[in-house]
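Once you've looked at the hints, dock chain X against the given chain H.
The listed protein sequences correspond, in order, to chains H and X. Position one of the first sequence corresponds to residue 2 (the numbering used here), numbered consecutively onward. Position one of the second sequence corresponds to residue 2 (the numbering used here), numbered consecutively onward.
Treat the hints with care, since some could be wrong.
Heads up, the list lumps identical chains together, so a pair's fine if it works in one copy or across two of them.
Said to hold, decoys possible - Here are the simulated DSBU-like cross-link-like pairs (lysine-lysine), alpha carbons at most 30 angstroms apart as the crow flies: (1) K170 to K46; (2) K222 to K32; (3) K198 to K170; (4) K17 to K150; (5) K18 to K42.
Worth flagging that the hints you see were computed from the coordinates, not collected in a lab. If you're wondering where the values come from, they're calculated on a predicted model, not measured in any experiment.
Protein chains: 2
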Amino acid sequence: MLSKQTVKYIQSLQHKKFRDEFNEFVAEGPKVVKELLLNGKFECKSIYALSIWVQSLEQEILESFQNIIHVIEEHEFQKMAHYATPNNVVAIFKKAIPATKIDVKKNITLILDGIQDPGNLGTIIRNADWFGVKNIICSRNTVDMYNSKVVQSTMASLARVNVIYTDLKEWLLNNHEVNIYATVLNGSNIAECNLDKECIIMIGNEANGLSADIIAMADKKITIPSFGLAESLNAGVASALVLYECRR
Amino acid sequence: MLSKQTVKYIQSLQHKKFRDEFNEFVAEGPKVVKELLLNGKFECKSIYALSIWVQSLEQEILESFQNIIHVIEEHEFQKMAHYATPNNVVAIFKKAIPATKIDVKKNITLILDGIQDPGNLGTIIRNADWFGVKNIICSRNTVDMYNSKVVQSTMASLARVNVIYTDLKEWLLNNHEVNIYATVLNGSNIAECNLDKECIIMIGNEANGLSADIIAMADKKITIPSFGLAESLNAGVASALVLYECRR
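So here's chain H without its partners, still in its complex pose (with noise of 0.2 angstroms):
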């Protein structure tokens, strides 16, 4: 059984506010919500779930958070479920409290300047972790990594890419221990200049890209080659470009 209470609460965690307030944000779908769980990065409060999705769960897992497990039914779930697609198990989880003293030496850092695009976040996570990314400095006006969305496009990557944040251009002036690179429309071509293995990469807003005054503390401009008619490539395709040829 599901409260009134309680379908309130988990609407209340669409919005940045209430998860600021309540420090908890939701995960939703059978993937994330396991990956999740397994990880055990971010501490899971409660789980409301269809009882098919609990009988698929394995004895270790169900053992580990039977205590927070609610069967509901196929009704209850659509009151709460943040999505039009049926899925079949909502979690709530704490939100974990950010590393700050991070290492930019011997690691790729990325750096977010106004991303606006839940899934481009998402994808820019995925990204990071599939290239071996630890850390991730987001402008203050980034999307929130725990939007429902971006959590969704993950794929559970949240769990294991440290993201902060901060203010750009203080965080930049501390750091400043490696080459920065900013990812612009007017630069050297990624192919052909040498990138460093370490290094912090710069990736900007979707619309109007890095701000003026964060490009101003690159080291170097980059740009990735274009070989036809397109304006421009997505964000997260981007992010995942630059990463490439640095690993490469």
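Okay, now just chain X, sitting in the frame of chain H:
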């Protein structure tokens, strides 16, 4: 003034069934509509716009299309828009007949096997345009290229890339004049296998990858190297990385 009939017709074009029946589709938002008008590949049948959009048009465009521009009010606009986010123009275009006789030599051709997500297909078309790919061959179960979300996310690259829906096996048998690469999770590292600049690249469904009978037709299985723990990459990102490596 917007008649009930027009609203109904535009709404019907959200469904593939009606897009096929009437051979028309909808594009929404100032950027996409303007680019499609300028490109001219798709014949524009009618434009429904707020006066603010019409006023922003260059004289030349205005003159070419003034006979089919209908200025409407904001409350009318909301009735027919496919998107929740406010836009100020919706246009109906005629679908184009794809070129079926294509030359796989001296080109990269992309094969899509069952891509389901409209955003992914849109991103792949945009990537193709960026990397100078002229033709994309889709299995019949790939999402429709005229789906509004696809149209929106291609950013008008839709007009510059030829997209064909057909039986993949038959098509591959008839066009095996260059190497066929299957993108899978257990193939050769793309950075190490010196991909041909004239080739066919195959990308599979988001959850299940390429079907076994399609993989069986490939000359080589290729893989994007991973440096972290993410299980997979988004299909849009994967296509961009393989295209980049081919062009590099």
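Outcome of the hint check:
1. K170 to K46: The answer is neither: 36 angstroms in one copy and 49 angstroms across copies each exceed 30 angstroms.
2. K222 to K32: Between copies, since 27 angstroms is at most 30 angstroms while 38 angstroms is not.
3. K198 to K170: within (22 angstroms within a copy, 41 angstroms between copies)
4. K17 to K150: Cα proximity of K17 and K150: in one copy and across copies (12 angstroms, 26 angstroms).
5. K18 to K42: within (22 angstroms within a copy, 45 angstroms between copies)
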